[in-house]
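Student: Sequence:
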Amino acid sequence: MSELTKPGIEVSEGAAPTELTIRDLVVGDGAEAQPGRVVQVHYVGVTFASGSEFGSSWEGGRPFKFAVGGGRAIKGWDRGVRGMKVGGRREIIVPPRLGYGDQSPSPLIPPGSTLIFVVDLFTVAGGPTGARPGLA
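For what it's worth, our numbering labels the leading residue of the sequence shown as 547, then goes sequentially.
Treat the hints with care, since some could be wrong.
What the hints assert, rightly or not - Mimicking DSSO-like on lysine-lysine, the simulated pairs with C-alpha atoms at most 27 Å apart in a straight line are:
#, residue 1, residue 2
1, K631, K552
2, K552, K621
3, K611, K552
4, K611, K631
5, K631, K621
Honestly, the hints are just simulated from the structure, not real lab data.
The whole structure should be built from the sequences, with the hints applied where relevant.
Tutor: This is how it looks when you write it as structure tokens:
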């Protein structure tokens, strides 16, 4: 990945999407995130309604690590990172039913919020094939 800096997120005008929306900002060329593989990502998250940041892995300098399809991340993330390649940066807009719904984990995320994430994929490991790709 050419940039290792925290991205900004601009919120579009108009109504929030009702379906999961995925847009590659940078297309990676490394290993691909697939169900069963463990990925490490940096992310920034804002609410669609206000554009206010509610979370980021950049401040602590520790990427978020999870198994794709393993239920440790919200459904919008599990679906949104699939097919992404190491070195990529992707915008994922998550409607409430694939996010936190009305059960917000934080006072910074109002119940029923549509969420916007920008995710940078750094590593992909493991998976059904046993392949263990390295860092970007």
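Student: Of the numbered hints stated earlier in the document, which are not met by this structure?
Tutor: The structure conflicts with no hint, since it agrees with every one listed earlier.
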